[in-house]
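Working from the sequences, and respecting the hints, build out all of it.
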Amino acid sequence: MLPTLLGAAILVFFLLRAIPGDVCEVRLAGSGLYVDEAEIELCREKLGLTKPLFVQFVDFVTGYFRWDLGDSMWTGKPVTEEIAVRFPLSLQVAIMATVVAVLFAIPLGAISAIKQDTWIDYVVRSFSIAGIAMPSFWLGILIILGLLIGTQHFFGTPWMPPITYVPLYEDPLRNLSQLIWPAVATGYRYSAVATRMTRSALLEVLREDYIRTARAKGMIEKIIINRHALKNAMLPVLTIIGIEFAFLMGGLVVTEQVFNLNGIGKLFVESVQAQDFAMTQQLVMLVVLIAVLTNFVVDLFYAWLDPRIRYG
Amino acid sequence: MAAIDQTIEIGDLRKPWYQRFFETARHQPLGTAGGLVVVIMILAAVFANFVSPYDPEVASWKHQLLPPDAKFWFGTDAFGRDILTRIIYGSRTALFVGFTAAFVGATSGLILGVASAYFGGRFDIIIQRLVDIVMAFPLIVLALAVVATLGAGTVNVIIAITIPFIPQCARVVRSSALAIREIPYIDAARALGYGHLRIIMRHMVPNVMAPYLIMLTTFVGHAILLEASLSYLGMGVQEPTPAWGLMLQGGAEEFAESAPWVPIFPGLAITLAVFGFNLFGDALRDVLDPRLRSR
Numbered sequence: 001m002l003p004t005l006l007g008a009a010i011l012v013f014f015l016l017r018a019i020p021g022d023v024c025e026v027r028l029a030g031s032g033l034y035v036d037e038a039e040i041e042l043c044r045e046k047l048g049l050t051k052p053l054f055v056q057f058v059d060f061v062t063g064y065f066r067w068d069l070g071d072s073m074w075t076g077k078p079v080t081e082e083i084a085v086r087f088p089l090s091l092q093v094a095i096m097a098t099v100v101a102v103l104f105a106i107p108l109g110a111i112s113a114i115k116q117d118t119w120i121d122y123v124v125r126s127f128s129i130a131g132i133a134m135p136s137f138w139l140g141i142l143i144i145l146g147l148l149i150g151t152q153h154f155f156g157t158p159w160m161p162p163i164t165y166v167p168l169y170e171d172p173l174r175n176l177s178q179l180i181w182p183a184v185a186t187g188y189r190y191s192a193v194a195t196r197m198t199r200s201a202l203l204e205v206l207r208e209d210y211i212r213t214a215r216a217k218g219m220i221e222k223i224i225i226n227r228h229a230l231k232n233a234m235l236p237v238l239t240i241i242g243i244e245f246a247f248l249m250g251g252l253v254v255t256e257q258v259f260n261l262n263g264i265g266k267l268f269v270e271s272v273q274a275q276d277f278a279m280t281q282q283l284v285m286l287v288v289l290i291a292v293l294t295n296f297v298v299d300l301f302y303a304w305l306d307p308r309i310r311y312g
Numbered sequence: 001m002a003a004i005d006q007t008i009e010i011g012d013l014r015k016p017w018y019q020r021f022f023e024t025a026r027h028q029p030l031g032t033a034g035g036l037v038v039v040i041m042i043l044a045a046v047f048a049n050f051v052s053p054y055d056p057e058v059a060s061w062k063h064q065l066l067p068p069d070a071k072f073w074f075g076t077d078a079f080g081r082d083i084l085t086r087i088i089y090g091s092r093t094a095l096f097v098g099f100t101a102a103f104v105g106a107t108s109g110l111i112l113g114v115a116s117a118y119f120g121g122r123f124d125i126i127i128q129r130l131v132d133i134v135m136a137f138p139l140i141v142l143a144l145a146v147v148a149t150l151g152a153g154t155v156n157v158i159i160a161i162t163i164p165f166i167p168q169c170a171r172v173v174r175s176s177a178l179a180i181r182e183i184p185y186i187d188a189a190r191a192l193g194y195g196h197l198r199i200i201m202r203h204m205v206p207n208v209m210a211p212y213l214i215m216l217t218t219f220v221g222h223a224i225l226l227e228a229s230l231s232y233l234g235m236g237v238q239e240p241t242p243a244w245g246l247m248l249q250g251g252a253e254e255f256a257e258s259a260p261w262v263p264i265f266p267g268l269a270i271t272l273a274v275f276g277f278n279l280f281g282d283a284l285r286d287v288l289d290p291r292l293r294s295r
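Here the protein sequences line up with chains A and S, keeping their order.
For the record, in the first sequence the residue sitting at position 112 is 112 according to this note's numbering, with numbers rising by one throughout.
For the record, in the second sequence the residue sitting at position 206 is 206 according to this note's numbering, with numbers rising by one throughout.
Hints are computed from structural coordinates only; laboratory data are not their basis.
Each residue gets a CB set at the ideal place from its N, CA and C atoms; glycine is no exception.
There could be a bad hint or two in this list.
Facing chain A, a subset of chain S residues (Cβ under 10 Å, in silico) [unchecked claim]:
#: 1; residue: 221
#: 2; residue: 266
#: 3; residue: 278
What follows is the structure, given as structure tokens:
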């Protein structure tokens, strides 16, 4: 875990600084007006960009032990503060998308496997293939279009989901009416991937000898599916859910843009555009950390689902 | 049942190739549909000058935001450019970015993966750690980070998309190559005094062609999707080059009531293209590697 994180830190740190251009140039010279070279130099000095790269890197890494992630080079506020404001929104969308995905994926995948090669199977499969091909931001655009045109048609006035974020515990209805749409837009692809995995994993398990044994001794089909087949088919499904959850943070980059949500993804795009190194590298590290942690949690679940797996 | 399926799908080698082709096509209707989409897209990209009715880059203030009609089948955008034309030309951008990124990414991954399996030991461990690190980044985050350093633009987008592909392909190819390394003919080749390069290129690479080709086709779909996302964010292909993601920029709010056709058709093009490549890739996997078949 730690080597991966350190490697990621090295990669992102030097990647960002490998190419000319920095936040000072974007801010001062970006407008196209004449700027004194000395002024840019002063700005760099203030932000510590003139220090040797190695010193900057040590600062960056040791910052984690001092709980000092630096200040945004664009706004000047602490990075932790900027992230803390936006993180709950992104996390909520990610969790809701996961819930949407799991709720659809496991039943749909199971039905599709049990009724293999019937029309139900074909409907589910087309649904999931379409979900993988459809870009989530386009689905988001379609959802907004549908909402606007639909409400215009039925109520006479177009309705848009609220723009400003309200925490779930303050006003659940308002919160959900804002965040359910992006959750569905990202969750569709997610559930499509998981549905395909559930289907193929279950089909594999249903061909096992112990399923035939269970049928031979006259066990009720429902119990065979739920207890014997589905539980054993969950391992690969869980893996894919874990991988996709980590990737969801990436997917949100685009979805937040579509729905104009002020979350981690939007912050990421903005800080990339402003060449705000301090912010960008911390956001990348956050996403990588989430990915690594998700993998860890998935590994723990493995041991719980399959008693044969033990971590020494 | 499965055994019979395989013989039919792989085809009887005594029959002429076109007959085998049609037999494979009949047993893979979805894959054939996907292949058809791919072929149409390639034709559209190659012959864009001949099939598209207008110029993709010339703005015309007279024809702003016209709804679809007989003259402009898919309507026009805010600059008065024909959307159908821009979609046809956009397939050039999509395919160029898609194929280049997929080919370079998959091929680098192929060589890295095979070398990693062949040499083993410390070299293998180092390569696998690097792969772990790069794979910990979500695809689009890594691509965005690369664009952040290189700047936007078509070539940079290709580089940004290629880099995340390399470790993915290396991982898959390595696991196949590990099995091949254990087959005695590799030892035999060593005993005959062949060099490492020759063994890798002549004896190992051809035997991992199946996973390589499968990765290659799925990568094209992924690359098209990624390019669209990056362009949509304004960090990919730049105006006035026609690109599907770029056409969706500005989103729905602006055009929802006035011109819903502006965001609908380019998105449909992206979906159809990725759909085609995915189906084609699935079918290819079934034919080339029956063990991986998704039943």
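Now for the hints, and whether the structure bears them out:
{"no.": "1", "hint": "221", "verdict": "7 Å, holds"}
{"no.": "2", "hint": "266", "verdict": "8 Å, holds"}
{"no.": "3", "hint": "278", "verdict": "6 Å, holds"}
In this structure, every one of the numbered hints holds.
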